[in-house]
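A.B. asks: Sequence:
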Amino acid sequence: ADADIVLKVRRPSKGEIAHYKKGALVVAIMDPYGNDDALKQMAEAGLVAFAMELMPRITRAQSMDVLSSQANLAGYRAVIEAAEQYGRALPMMMTAAGTVPAAKVFIMGVGVAGLQAIATARRLGAIVTATDVRPATKEQVESLGAKFLAVEDEEFKNAQTAGGYAKEMSKEYQAKQAALTAEHIKKQDIVITTALIPGRPAPKLVSKDMVASMKPGSVLVDLAVERGGNVEGVRAGEVALVNGVKIVGHINMPGRLAASASALYAKNLLTFLETMIDKKEKKLAINWDDELIKGTALTRDGKVVHPNFQPKGA
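Per the working numbering, residue 17 is the first one in the sequence shown, and the count goes up by one each step.
It should be emphasised that the hints constitute simulated quantities derived from the structure, not laboratory data. Each residue gets a CB set at the ideal place from its N, CA and C atoms; glycine is no exception.
Dumping the calculated DSBU-like pairs for lysine-lysine here, alpha-carbon to alpha-carbon at most 35 angstroms:
1. K37 / K283
2. K220 / K163
3. K192 / K173
4. K154 / K202
5. K30 / K56
6. K37 / K328
7. K56 / K37
8. K192 / K163
9. K38 / K295
10. K283 / K220
11. K192 / K202
12. K283 / K296
13. K283 / K38
14. K187 / K173
15. K187 / K154
16. K299 / K56
17. K163 / K203
18. K310 / K328
19. K295 / K56
20. K319 / K30
21. K24 / K319
22. K183 / K173
23. K154 / K224
Here are the computed distance ranges between Cβ atoms for each label pair:
24. G253 / R104: 20 to 30 angstroms
25. K24 / K298: 17 to 27 angstroms
26. Q190 / A256: 19 to 29 angstroms
27. G215 / T291: 16 to 26 angstroms
Build the full structure now, drawing on both the sequences and the hints.
C.D. replies: Structural data, given as structure tokens:
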């Protein structure tokens with residue numbers, strides 16, 4: 017209750033906010049999109065709140081980029097979870113008793129999580145393919161020894177924002193990509209989906225028909241389940257069995273590697289906090305013109321200050 021600075025994993029609850037002192041600095045993964053009431057509560061309580069996941073994608077902020085540090089772990093863990101659920105070997109094994117074929121793994125969405133998933137699946141000996149709407153990812157996928165799958169038309173060439181995120185694609189492109197994916201997915205043993213669009217629900221990449229076309233014993237791992245999921249039929253916090261296909265909907269995948277996740281997140285927080293502290297004077301000295309501060313500040317002086325989350329009509 018007396019703390020000047022509160023560092024958290026998740027946004028404080030209404031009950032917690034009541035105990036914070038006015039003017040307290042709160043830094044956490046705030047999940048601000050669609051949570052206007054929570055932002056209003058923090059503003060009315062006089063909190064100075066910062067959202068770690070809004071950190072600008074610039075060189076200086078790399079050591080503070082919580083999305084990258086946690087997504088890296090999520091991508092790794094997704095493959096480990098998939099391998100466990102699959103119940104067969106991933107690499108090809110040739111023995112006197114017969115041959116075990118290599119598992120076919122398909123990664124949908126090649127951000128930080130997707131790249132780590134590709135690397136992990138390759139290290140385990142699987143045959144890996146991957147897809148993404150951003151053209152820059154093709155070279156990254158191939159550099160990890162996987163094959164790239166995408167409809168490479170004019171729209172595809174311009175499918176990346178200045179910040180490095182995926183743009184929302186047109187309905188026509190989505191239909192073409194879905195047709196290509198539907199044919200490919202039938203032959204896969206493991207599919208891992210990681211596609212997210214900032215501030216929007218996760219795009220639906222795998223339809224019920226695609227799930228039905230997969231072989232019994234196949235596994236889908238949906239890393240976007242907390243944003244609604246990329247896979248139709250995924251259930252948050254559960255492993256669903258649909259026509260013999262397992263759909264893994266674990267929430268907070270980095271939390272399944274808690275020690276590693278905590279160590280990386282703590283470093284993200286510390287590095288960010290150091291930008292706000294005058295080390296000589298040993299006190300808070302926030303530079304409100306710093307782009308890191310501007311990009312992450314949600315509430316200040318009783319108001320919601322981030323331009324993306326202004327109250328409607330403000």
